[in-house]
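Given next are the chains, with one letter for each unit.
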Amino acid sequence: MTALARETGVGGSGRRPEAFSRGAEHMRQLGLMVQWQVRRSGQYLPLLVVVQVMLAVATVVGYGLLAGNPDRIAGLYLATGAPTITLITVGLVMTPQTVLQSKTEGSLDWLRTLPAPREVFLLADLVMWTLIALPGTVVGVVVGALTFGVTLSPTWWLVPSILLVSLVSASLGYAIGTLLPPTVAQLISQVLVFTVMLFTPISYPSERLPGWARILHEWLPLEPMAQAVRAGLAPQEFSIAPRSWIVLIVWCAISVLGAGLALRRRG
Amino acid sequence: MDDVLQVTGLRKGFRSRGGAVQANGGIDLTVTAGQVVGLLGHNGAGKSTLVNQVVGLLRPDAGEILLAGVDAIARPEQARRLASVQAQANVPITGLTPRVAVELVGRIRGGRRPEVASRAAALLGALDLEEWIDTPSEKVSGGVARLTAFAMAAVVPGRLVVLDEPTNDVDPVRRRLLWGQIRALADAGAAVLLVTHNVREAEQVVDRLAILDHGVVLASGTPGALTHGLGDTLALEVETAPGARLGWPAGLVVAQRTRTRSVATVPAERAGEAIAWAARERAERSIEAFSLTQRSLEDVYVELVDHEESAA
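Chains C and S, in that order, give the protein sequences. First residue of the first sequence: 1, per the numbering used here; consecutive thereafter. First residue of the second sequence: 1001, per the numbering used here; consecutive thereafter.
These are calculated hints, taken from the structure and not from any lab test. One or more hints might be untrue.
[What the hints assert, rightly or not] Pairwise CB distance ranges, derived in the manner of DEER restraints: (1) C:M54 / S:G1142: 32 to 38 Å; (2) S:F1014 / C:L179: 16 to 22 Å; (3) S:D1071 / C:I246: 38 to 44 Å; (4) C:T195 / S:R1112: 45 to 51 Å.
[What the hints assert, rightly or not] Stretches of chain C that chain S covers, calculated by requiring three or more beta carbons in the stretch to come under 8 Å of a beta carbon on chain S: (5) 25-35; (6) 133-142.
We put the CB at the ideal spot given by N, CA and C, even for glycine.
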């Protein structure tokens, strides 16, 4: 062991006690990576949060204008769809854009030389983006409930559902950002914005879609995401079928593995 | 000998628009604990490709990389624990101060908080960066950012420390401090692989050198062994006055010539004659300045690379 290693407490017998398992070490690294990312985007954080809040409110109010005088069920759809749209846009649009930015400025390659599991980078970004999306999600729900005069009764499993939705969309965004050439990734994330906002049964029931689109959405993770959040917010009115959970969890596995592989990829 | 890095027969090619490029064409390289090994080569010689394979960002086409006995190609995660890297590109740390950046990296690399804090402060102090230690990095100069990146690689050094062009953008005074810290890393037991094209300065710090060109090691050895081949020759560098035509003494070979500057190789036994000639020419104002120096590693490097180029 080198003198420096002794001094900094790294390597050999100077290492922290063995009881400090590898898992705890990874958690510690995750906390430090979150600090790194949050502090790096520190000056923009308030702005990002404001944009997310505005997006959520716009989804509720703007869709309300489109729908005219929505009945109670339509109002419920609008109020419970807004948080999902916020979470998905953050994951599928903001995440690839930040990944692209760190790719172009060179920080991604440097971060990848650090001795942390690749998933730590993914999770650190996920934590940060979930925190950024959270105020918008909450405000969207509150504004929606007030605007359309609907009563929501959130359940405890809304929290894990929201985390799952965040995880899946952020991992997909990560995979898009890392695997695809920058221009293509940017285009795809832009196409995804309007697909999610308009052509996905998040703020309206899927019956309004043409048959082929309904079938497509049965296999994509977007509708199950909306169902999970909706059922968590208004369990008396909505439910989520076991099949949707399975679709969502399979997509979660695929996207996390995909993002992990993308980060491990060696050219 | 404690070989920390052993690279054998390393090959890596890329497909590009112009066809295939062999970035590493069979590299053999060893870095021992306590040594600074310089890897010289100009842009595109394959230096960064080599570094990226050591830390598992690129997969070699062929060859072997052993890092402290660990197969770095099969186990990149372990390799990353054993190596710390200062990348060639500047690490963007906007939003962080040098102190915070160095401390966070030290702790991510597994250091304990108090030790990392004192080591970070000591390192940044030794590089004379106290003035900017708590300044957000978007407000510091490129040189300070470069030194901060060095401190990030050195705060909790791996068994191997890879430094890719650490002196770029750094002012001459702090460059000396930096060389001192690089030497100190090796003296504390790390194996240091120093990638640079700053031949002149590297010569003073490195224990061994490898000259890389077009993906192959052209020569390697101690600076002394590499310059030994130059024999007993000196370099006479003269700055010609505008419009003057020089009549060089017979038998001197002019190795480089630009409009105002020429360098000739001078056999040691003719040094006196060469100086007398140059002094006379200066008195007649056809030379503005001259110097006679021992030929350096830079000459070896330029000759080797030039030779390779004309042979190609």
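| task | With a C-beta cutoff of 8 Å, work out whether three or more residues of the stretch 25-35 of chain C approach chain S closely enough for the coverage to hold. | result | Per the Cβ count (6), the hint holds.
| query | CB of F1014 (chain S) to CB of L179 (chain C), is that within 16 to 22 Å? | reply | holds (18 Å)
| task | Look at the Cβ atoms of T195 (chain C) and R1112 (chain S) and judge whether their distance stays inside 45 to 51 Å. | result | holds (48 Å)
| Regarding M54 (chain C) and G1142 (chain S), is the given constraint of 32 to 38 Å on their beta-carbon distance met? | Taking Cβ atoms as reference, M54 (chain C) and G1142 (chain S) lie about 37 Å apart, which means the hint holds.
| Do at least three Cβ atoms from the stretch 133-142 of chain C come closer than 8 Å to Cβ atoms of chain S? | Contact hint for the stretch 133-142 of chain C vs chain S: violated, 0 residues under 8 Å.
| request: Starting from the range 38 to 44 Å, see whether the pair D1071 (chain S) and I246 (chain C) falls in it by beta-carbon distance. | output: holds (40 Å)
Of the hints listed earlier, the one the structure fails to meet is number 6.
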